[in-house]
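Please construct the entire structure, taking both the sequences and the accompanying hints into account.
In UniProt numbering, the protein residues as written are 1 to 122.
Misleading hints may appear alongside valid ones.
In silico BS3-like pairs for lysine-lysine, Cα to Cα no more than 30 Å straight-line [said to hold, decoys possible]:
#	residue 1	residue 2
1	55	84
2	84	114
3	55	2
4	84	2
5	114	55
6	62	114
7	114	2
8	59	114
9	2	62
10	62	84
11	59	2
Calculated from the structure, these hints are not laboratory results.
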Amino acid sequence: MKCVDTLGHASGELAGAGTCHGIGGNQAWSLTFEGEIRSDEVCLAPEAVSGRKIKFDVKLEKCSTTSVNVNHQFDYDAMTGLLKHRQSGRCLELAGDAATLQIRDCIPTLDAQKWQLEGYKA
1 MKCVDTLGHA SGELAGAGTC HGIGGNQAWS LTFEGEIRSD EVCLAPEAVS
51 GRKIKFDVKL EKCSTTSVNV NHQFDYDAMT GLLKHRQSGR CLELAGDAAT
101 LQIRDCIPTL DAQKWQLEGY KA
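This is the structure:
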């Protein structure tokens, strides 16, 4: 099983995924009430989602301390396991290399887009 991981990267660098180790740290994330996927002071954010591009890399960005950045907002569907980026309507996906994250068109049957959030309460 893979977990979203900062990989020790800083704001502006790519987010990734690693083998789940269960001890938190780089893999400790929360989905906030506002829809941010947050680890300490960084949030998941796709690169600018526009045009006909098929996939968009996901990077770490400093979370706003005053108001929520709309590019940081996701919605989780506990029934399907999809994490949908609000602004683009596309879904968070574990890329084919199983080490990077992307935003792509949602395919509810695709395992690479299904996420399990421990302790999630709708």
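Checked hints:
Simply put, residue 55 and residue 84 have alpha-carbon atoms about 14 Å apart, close enough for the 30 Å limit, and the pair holds. Proximity of residue 84 to residue 114 is assessed by CA-CA distance (about 11 Å); at most 30 Å being required, the pair is judged to hold. Between residue 55 and residue 2 the alpha-carbon distance is near 20 Å, which keeps this suggested pair within the 30 Å criterion. Simply put, residue 84 and residue 2 have alpha-carbon atoms about 18 Å apart, close enough for the 30 Å limit, and the pair holds.
Only pairs whose Cα atoms come within 30 Å are accepted, and residue 114 paired with residue 55 is accepted, the gap being roughly 17 Å. Pair hint residue 62 plus residue 114 holds up; C-alpha atoms about 25 Å apart against a cutoff of 30 Å. Note on residue 114 and residue 2: the hinted pairing holds, with a Cα-Cα distance of about 11 Å set against a maximum of 30 Å. Distance restraint check for residue 59 and residue 114: the Cα-Cα separation of roughly 19 Å lies within the 30 Å cut-off, and the hinted pair is therefore satisfied.
Distance check on the hinted pair: residue 2 and residue 62 sit about 23 Å apart at the alpha-carbon level, within 30 Å; holds. Taken as a hint, the residue 62 and residue 84 pair is honoured in the structure, with Cα atoms around 20 Å apart against an allowance of 30 Å. A hinted pair counts as satisfied when its Cα atoms are at most 30 Å apart, and residue 59 with residue 2 qualifies at roughly 17 Å.
Violated hints are absent here; each numbered hint is respected by the structure.
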